[in-house]
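Enquirer: Chain A is fixed; fit chain B onto it per the hints.
These protein sequence lines are chains A and B, in that order. Just so you know, we're using numbering that gives the first Met the number 0 here: the first sequence kicks off at 0 and counts up by one. Just so you know, we're using numbering that gives the first Met the number 0 here: the second sequence kicks off at 0 and counts up by one.
Note that these hints are calculated values from the structure, not bench results. On a predicted model such as this, the values are computed, not experimentally measured, just so you know. Among the hints, a few may not be true.
[Claimed, not checked] Each pair of labels, with its calculated beta carbon distance range: (1) A:532 - B:569: 19 to 27 Å; (2) B:569 - A:368: 37 to 45 Å; (3) B:278 - A:62: 57 to 65 Å.
Note that beta-carbon positions come from the ideal geometry of N, C-alpha and C, so glycine has one too.
2 protein chains.
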Amino acid sequence: MGKYQVDLKDIQFNLFDVLQVQRLPQFGLNENDYRGILEEYNKFVENEIFPSREASDAEGVKMVDGQVKVPKVLHGVQKAFHENGWFALGFPAEMGGTPVPEALYTTCMSLATGANCAWMMYPGLSRAAMNVLRLKGNDFMKNVIVPKMMSGEWGGTMCLTEAGAGSDVGALKSTAKPIADGKYAIKGSKIFISSGESDLYQNNIHLVLARTPGGAEGTKGISLFVVPRFKISADGANAGSNNVQCSKIEHKMGIHASATCEMQFGQTGETEGWLIGDEFEGMSTMFIMMNEARLYCGIQGESQGNLAYLMANKYVGERVQFGKELVHHPDIRRNLLRMRAMSRGMRALCMYTADLFDKVHETGDHKYEGLIGLLTPICKAYCSEQGFQVGVEALQAHGGYGYCSEYGIEQFVRDTKIATIYEGTNGIQAIDFVMRKILKDGGKAISALSAEIIASVTSLDDATFKKEKDLFGKVLMSAQATMQHISGLAQKNQFNLVLQHCTDFLQFASQMVVAWRLMESAKIAQKKLAGASGDEKKYLESKIVDFKTYCGHYLVHNLSIAKTITDFGDDVSMLEL
Amino acid sequence: MGKYQVDLKDIQFNLFDVLQVQRLPQFGLNENDYRGILEEYNKFVENEIFPSREASDAEGVKMVDGQVKVPKVLHGVQKAFHENGWFALGFPAEMGGTPVPEALYTTCMSLATGANCAWMMYPGLSRAAMNVLRLKGNDFMKNVIVPKMMSGEWGGTMCLTEAGAGSDVGALKSTAKPIADGKYAIKGSKIFISSGESDLYQNNIHLVLARTPGGAEGTKGISLFVVPRFKISADGANAGSNNVQCSKIEHKMGIHASATCEMQFGQTGETEGWLIGDEFEGMSTMFIMMNEARLYCGIQGESQGNLAYLMANKYVGERVQFGKELVHHPDIRRNLLRMRAMSRGMRALCMYTADLFDKVHETGDHKYEGLIGLLTPICKAYCSEQGFQVGVEALQAHGGYGYCSEYGIEQFVRDTKIATIYEGTNGIQAIDFVMRKILKDGGKAISALSAEIIASVTSLDDATFKKEKDLFGKVLMSAQATMQHISGLAQKNQFNLVLQHCTDFLQFASQMVVAWRLMESAKIAQKKLAGASGDEKKYLESKIVDFKTYCGHYLVHNLSIAKTITDFGDDVSMLEL
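This is chain A alone, in the form it adopts within the complex (with noise of 0.2 Å):
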C-alpha cells in the first residue's frame, strides 16, 4: 500500500491567500479556526478512510442471499465519519451542521474522496438528495426523512437512468400513479443507480424520475419522487417493504466498494412514493442535485488527481535508478512538474467554484450565478477527464509496480474513469456548456469572465511572465475567434457544426480558465515571495513553476485546438464513417 500524502500548504493557500474566506462573517469562525477544521479533518481522512481504500476495492461490494453487502471496513468508516460530525461539515445549524465556507467544505471533502472514492460516494449522494429534500421538500420530508439522512442510519439515491434512456432521460418509461393520501405508485426498472441498496443503511431513500399519466413526453412530462426502500410511518418507524429490489449489481472497472444497482420498483407488489415539488417539475428539481453531483465528479477527479500525483512525486523521490532518485531525471522531473500544475490547476478551479456559492450569498449578485453555471460543465468535465489522466501518469511514474496493485496506484485510473460518464456524459457537458451556458444565455456569462481574465492577464507582471503574457494574449485572440465562429454557426442554424465543436471549444475555454486561476495564485505568491524563506519561499516559488508550467504544457495547446475548430471545420455528418 502506498502511503497517504496531503498538500495542506497548497490547501491553505487557495483559502486563506487566494479566496479569503476568513471575509465571511456569517460562520462566526477565523482563519486559525479554519485550519484547525482542515488539519483534524485531514487526520481522519488519513487514519480511518485512505487505509479503507485499497481493501474495500479488492473486497468489493456482494450480493449475498439477495441483500447488498459492502466491503466490511466500510462499515467502520461510515460509523466514524458521523460520529465525528464530519458527515455534518457545511451543513446549515438548523438542521444540526456545521456551517463553514464551501470551499473550504468542498476541499475537505475532496481530500476523503481522494482517500476512497468508491465509499465517499454513499454520504455524498445522501447528502445532495438531502439538499433536494430541505430545498424543494414538504414538512413530512424535511422533518422526518432528512434528519435520519443526518444522522446516517438512512441514505440516499438518484435514480434517472433506465436501459434505453441513458443520456436521453426524456425517454424513460417508469410511472407513477396517484394513490390515497397523497401517494403515487411507483412503477419501473432504473439501471446503474449508485448505492441503491447496501446495508450501510437501515433505510434507502430514492429520489425517483417517473412520468405521471398525461404527463407529456420528453423531460416535460416527468416528476419526481421520494421512494423509500422501506415504508415510513408519521413518527419516522420502518413500517415494512415498499417492494423496492435490488435486482443486480453490476461488476465494473473500479469504484468496487460502491454498490451500483439495478432497481425495481413495484414490481413485486405496490410500491408507494411521494411527489417532490411540483408536477412535471422533476427534471429541474433534480437539476438541483444533478448539478451538485457534476461538481462532485470534477472533485472526484480533482481529488484522485492530486492525491496520485503526491503519491508519484513521493515515489520518484526514493526510487532510485541509474545512481540518482527518479526525480532527477529530466523526463521524470518533467513529468511530475505537468502532473503537479495540472492537480493544483484543477484544485483552484474546484475551490474558486465552491466559494462562488458564498459570493452569491455575500453579494446577491446574478453574475455569480451565470459563473456557477458556466462553471459547473468546466468543472465535470475538465477535472474528469484530466484527474483520470494524471491518474494514468502517477502509474506510469511507477513503472511495473503501477500496474500491479502494490501501491494502489492503478486503482485511481479504475476509479477516476466513471467520473467521465455519470451526471451526463462529458460530451453531454460539452454540449451544456456550448447551447445553455452560451449561446442560450446570450453570451452574458461567458463575456463577464473573459473580461476578467483579459484584465487578469493585462496586469501580469512583464518581466516575470513575458513568455505566458504573450501566450496568453493569442489564446485571448483566439478564444474571441473560436467563439465568434462558433456564434457565427449558430445564427445560420449550423448546429450540427456547433455540436461537432462543443467537447473542442469546452476544452479550450477549461484550460484557459485553468491558467487564469493558476496565474491569479502566481501574482499572490509573487507578491508574496519578497518576504519569505525557508519552506514557505520554496512552496511559493513552486507556483509561479506551476502556471508557467500548465502555459508550456497545456494552455499551448489551445492554439491548436483552436484551429480544429476554425479550419478543419469539414461536417462530420457527411463524412464517411
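Expert: Then chain B, alone, in the frame of chain A:
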C-alpha cells in the same frame, strides 16, 4: 460480451495497395494465397481466440499448490493455435514454419493480439525467445530446444528485471558461475517475468541476464543464459528439477490471463544454464528479443485500439438516444472519426515497419535497418499510448455500459496500459529515440526519412488536400526548427535540456510519421476512386477522411508541441518540485 469485429478491407488495402507484399518473390505465393491466409487466420481469431478474451480475464492466473495455472479456456486455444499451424506462420521453412511477408505475419498476429492480448503473450514471448536461440544459439539450442518450442510443448520468457533494476538493467545482481560441461550455475531473483511459469507448457525456457565472475558493473558485464525450468537431457527429455521457482504471481490492473511471475533461480539448489553467444554480450543479444518485443508492444496498442474502435463503432450504430443512433450525433461521430483515423494510422505504421524487414532482405540496403531502428521507439511508445487512449474513448462511447464488464470494453483500457511500461517504459523509448536513434546516429536515419516525407507532401494534390498540405508544410518547418534546437543543446552539452524534451519530440515525430502513412494511403485511395463504386468507393473515401481527420485533430498539435520544446524550455532540474 461484445461481438468480434474486423476491418479486413483496411488490412488488405495496406497489404496489397500500399505495401504491395505480392511483389516479394521468395515466398512463392500470390495475392490470392495471402488473402486466403488472412481470412483463415481471421476465422480462427473470431471463433477460437476472441471468445476466450473476457472469460480468461475474469478467471485470471492462479497459484494452486505452488503451481501456476492459467485460465482453463486457454488450454484449448493454445492447442488449436499450434495444431492449426498458426504458431508456425512467419517462421522459416527449415524450422517447419510457413514463411510469409512480414507485414502479413504482423497483421495476423495483430488480430490475435487484439482478440486476447493476455493469451497472445505466451506464444509471442516464445517466438521472440526462439528467434534469439536460432540466431545466436548453439546446435543443442537450435536442434533440441527450438523444435520443442515450435511444437508448443515448451515456452519461452525473457528475464531482465530485478527489484532494484527496472529501467536500469545494468544494476542487476543475478550471477552466473561456470561449472562443468560449459554450464553455468545461475543464482538470483527476477520480477515481472511474463509467462514465467504456467501449465500451458511442459517446460519453460528462460533467457536470463546475469553477471559472470569478473563481469564489469553496469550493462557491459552482463551475459545471457538459457535456463530451463526442468533440466534437459541430450535428447531433449525432461531430466528433473532445475531449481527454478515462481515465488509469486502479481495482481495486476489487466492482462489477468498472463502469468506475471517473480522467479527464483538457484535458491533451493543449483540452477543450470548455458551461455548464449559470447560472454559480456548479453545486452546486445537480448536486444534481438527486446526489439521484437518493443515492436510487439506497439502491436498490442494498435491491435486493441483497432478492435476497441470497431466495437464502439458497432455500438454507436445500434444504440438509439434522442430518436437516432448515437453515430448520428455530431459529437459522437467526431469521436468515432478520430478513433478510426488514429487506429488505422497505427495499423499503417506497424505494417509499414514490418515490411521494412522484407525490404532489408530485398535490397540489402542498410538504410532500411536504420529506419527500423528509428521507427521501433515510435511504434512502441506511440502505439501503446494511443492504443490505450482509443480504448479509453471506446469505453466512453459505450457510456455506463462501457464502464461495466458487459461489453468487454473496459478490459481494453486495463489490458493496453501495460504496453506503455514494459520492454522499456515510453520515457525510455523517447530517450532511445533522441539520444541513440537521432543524435548518436548523426541524424542519418531521420534525415533520410524526412526527405521521403517532404517529397511525399510535395506531390500531394493541392485541390483535395489544400488545408492538409499547408499544415504539413508548417509541421515540416517546425520539425526542422525543433530538431535544430535539440541538436544545438546537444552540441553545447546541455543534455539535461535534451532529455526533458525527448517525450515531446517523440510524440512530434510519431505524429508526423503516422500522418505521412495516412497520406500515402489517401493518395492511393484518391487514384483508385475514379473507377470505384459501392462499398469499395465508400471505403476509399473513408481513407481520405482518415487523413484529413488525423491532420485536423492530431497533426495540428505538432505546432504547439514544437512551441513547448522551443519556447518553454526552462531547465526542469532548476524548477522547484
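Enquirer: Against each hint, give a clear statement of whether it holds in the structure.
Expert: Checked hints:
Taken as a hint, the range 19 to 27 Å holds for the pair residue 532 of chain A and residue 569 of chain B, whose Cβ atoms sit roughly 23 Å apart. Taking the beta carbon of each, residue 569 of chain B and residue 368 of chain A are about 40 Å apart, inside 37 to 45 Å as hinted. A beta carbon spacing of about 60 Å between residue 278 of chain B and residue 62 of chain A agrees with the range 57 to 65 Å that was offered as a hint.
The structure fails none of the hints (numbered hints given earlier).
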